[in-house]
Amino acid sequence: AQSVTQLDSQVPVFEEAPVELRCNYSSSVSVYLFWYVQYPNQGLQLLLKYLSGSTLVKGINGFEAEFNKSQTSFHLRKPSVHISDTAEYFCATMNSGYSTLTFGKGTMLLVSP
Amino acid sequence: DGGITQSPKYLFRKEGQNVTLSCEQNLNHDAMYWYRQDPGQGLRLIYYSQIVNDFQKGDIAEGYSVSREKKESFPLTVTSAQKNPTAFYLCASSIKGRGANVLTFGAGSRLTVL
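For the protein sequence lines, the chains are A and B, in the order given.
Numbering-wise, the working numbering puts 61 at position 61 of the first sequence, and it's gapless, one number per residue.
Numbering-wise, the working numbering puts 1053 at position 53 of the second sequence, and it's gapless, one number per residue.
Among these hints, one or two may not hold up.
The list that follows gives simulated cross-link-like pairs (lysine to aspartate or glutamate, DMTMM-like), each with its CA atoms no further than 20 Å apart [claimed, not checked]:
id	chain 1	residue 1	chain 2	residue 2
1	A	Lys105	B	Asp1038
2	A	Lys105	B	Asp1059
3	A	Lys58	A	Asp85
4	B	Lys1009	B	Asp1038
5	B	Lys1096	B	Glu1072
6	B	Lys1071	B	Asp1054
Facing chain A, a subset of chain B residues (Cβ under 8 Å, in silico) [unchecked claim]:
id	residue
7	Gln1041
8	Gly1042
9	Leu1043
10	Leu1090
11	Ala1107
Here are a few chain A residues that face chain B, going by a calculated C-beta distance under 7 Å [claimed, not checked]:
id	residue
12	Gln42
13	Phe103
14	Gly106
Calculated from the structure, these hints are not laboratory results.
As the structure is a prediction and not an experimental result, all values here were calculated from the model.
Positions of the beta carbon are idealized from the N, C-alpha and C atoms, including for glycine.
The shape of chain B in the complex, shown without the other chains (with noise of 0.2 Å):
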C-alpha cells in the first residue's frame, strides 16, 4: 500500500543535542511538507519541497533543516537552536500545483526534550 512513513513514533533527545526525523513517501508524489504541531496552536508548516533538491522555509523555518536528495525521502533536523523543540511532527505529501491541496499524512513523531 502507498502511503508516508515516519520514523521513529517517538524520540527523546537532551538539550543541545540534533535530532534527525525520518519521513518517507512511495506516492510518487512531487511535493513534500513538515509541518509542527503544538496543542492549540494547529499546524504550522516549517518547510516545504516540490521538487528534488529545492525546499523552501515555512512560517518557523528557524532552528530546522531539510535536505531533498530523492523524491521519496524529506528528513527534518531539529537543531540545538531550536529553542523549544519539544513537539508533534507531521510529515505530509501531494502532488504539485493546484493539486497540492491533497495533502497525504503521515502518522507523526512526537519529540519530547529533556
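Extracted from the complex, chain A is given alone in its bound form (with noise of 0.2 Å):
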C-alpha cells in the first residue's frame, strides 16, 4: 500500500527566511502526490499537486514542490515565509484504486518575527 513520510513533525523558522518541509513516498505503482495545509482549527485546503509531467510542481500561496523519483521524495519548499504560513502542512498520496488518500502524520510550520 502506498504511504508517505513526513520526516519533521515540527519546523521553527524566522520570517522572510526559506523553508522546505520534508515528504518521503513509497509506493511500486504510479504515483501521485500532494500537499494540504491546515490553520488552526480549520479544515484542509489543496496547495499543489503532482500528477505526471513537470517534477516542479508550483502552488497557491507561493509554495512550490519538486517530484524526485530516485530519492523518493516530493518536499514542500517557500523561498521566503510569512507570519500567515504559521500552520500544519500534510503531504498525501492517492491510493492504487484511486479512491482514497493517505495523510502523513503532518509538519508543523512556526514562523517567528
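Assembly of the complex is requested from the two constituent chains, each provided in isolation within its own frame, with the hints serving as guidance.
Here it is in C-alpha cells:
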C-alpha cells in the first residue's frame, strides 16, 4: 500500500527565511502526491499536486514542490515565509484504486518574527 | 457559495453515549469521506462513500457507523464502542475516480468525551 512519511513534526523558522518541509513516499505503482495545509481549527485545503509531467509543481501562496523519483521524495519549499504561513502541512498520496488519500502525520511550520 | 458544512463545531459527550456528527455538501460531489485527526497522528480514514446507499470502511472504522441516504449528506455516528473518541473529526468530499485526489474539507467537529 502507498504511504508517505513526513520527516519533521515541527519546523521553526524566522520570517522571510526559506523553508523546506520534507516528505518521502513509498509506492511501487504510479504515484500521485499532494500537499495540503491546515490553519488552526480549520479543515484542510489543497496547496499543490503532482499527477504527472513536470517534476516541479507550483502551488498557491508561493509554495512549490519537486517530485524526485530516485529519492522517492516530494519536498515542499518556499523561498521566503511569512507569519501567515504558520500552519500544519500534510503530505498525501492516492491509493492505487484512485478512491482515497493517505496522509502523513503532518509538519507544523512555526514562523516567528 | 458551495462548500461543506459540519455541525456541531464543538460537542461534549459523556462516556457510554452515542453521538452523531453532521456533514452536508452542496458541491454535487459523489464521494464523501470521514477522517479522524489526533495530534501527531495526521488524518486517518474512518469511512468513505462513493455513491448513495453504499460506503466502505477505512483504516479505523471500529466504533463508528455511517449512512448515505442522500448525495448531499454523510452523517457519522460515534458509538459507545469507540474506546477513545475524543478527537477532531473532518468531513470531506470529491468527485469520483482519479479526480478524488482533490478533497474539499469542512471546518471540522471537535468531540470531547467527559
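Hint check results:
1. Between lysine 105 of chain A and aspartate 1038 of chain B, the direct Cα distance comes to roughly 9 Å. Compliance with the 20 Å bound is thereby established for this hinted pair.
2. Distance check on the hinted pair: lysine 105 of chain A and aspartate 1059 of chain B sit about 15 Å apart at the alpha-carbon level, within 20 Å; holds.
3. Between lysine 58 of chain A and aspartate 85 of chain A the alpha-carbon distance is near 16 Å, which keeps this suggested pair within the 20 Å criterion.
4. Of the pairs offered as hints, the one joining lysine 1009 of chain B and aspartate 1038 of chain B holds, with about 16 Å between alpha carbons and a cut-off of 20 Å not exceeded.
5. The hinted pair formed by lysine 1096 of chain B and glutamate 1072 of chain B meets the criterion: a straight-line CA distance of about 14 Å does not exceed 20 Å.
6. Straight-line distance between C-alpha atoms of lysine 1071 of chain B and aspartate 1054 of chain B comes to about 11 Å, which keeps the hinted pair within the 20 Å bound.
7. Taking 8 Å as the C-beta cut-off, the interface hint given for glutamine 1041 of chain B holds, the closest approach to chain A being about 6 Å.
8. Taking 8 Å as the C-beta contact cut-off toward chain A, the hint placing glycine 1042 of chain B at the interface holds, the least distance being around 4 Å.
9. At its closest, the beta carbon of leucine 1043 of chain B sits 4 Å from a beta carbon of chain A; the interface hint therefore holds under the 8 Å criterion.
10. A hinted interface residue such as leucine 1090 of chain B counts as satisfied when its beta carbon comes closer than 8 Å to some beta carbon of chain A; here the least separation is about 6 Å, so the hint holds.
11. Taking 8 Å as the C-beta cut-off, the interface hint given for alanine 1107 of chain B holds, the closest approach to chain A being about 5 Å.
12. The interface hint given for glutamine 42 of chain A holds, since its Cβ lies 6 Å from the closest Cβ of chain B, which is under the 7 Å cut-off.
13. Hint on phenylalanine 103 of chain A holds. Least Cβ distance to chain B is approximately 4 Å, under the 7 Å limit.
14. Interface restraint check for glycine 106 of chain A: the shortest CB-CB distance to chain B comes to about 5 Å, inside 7 Å, so the restraint holds.
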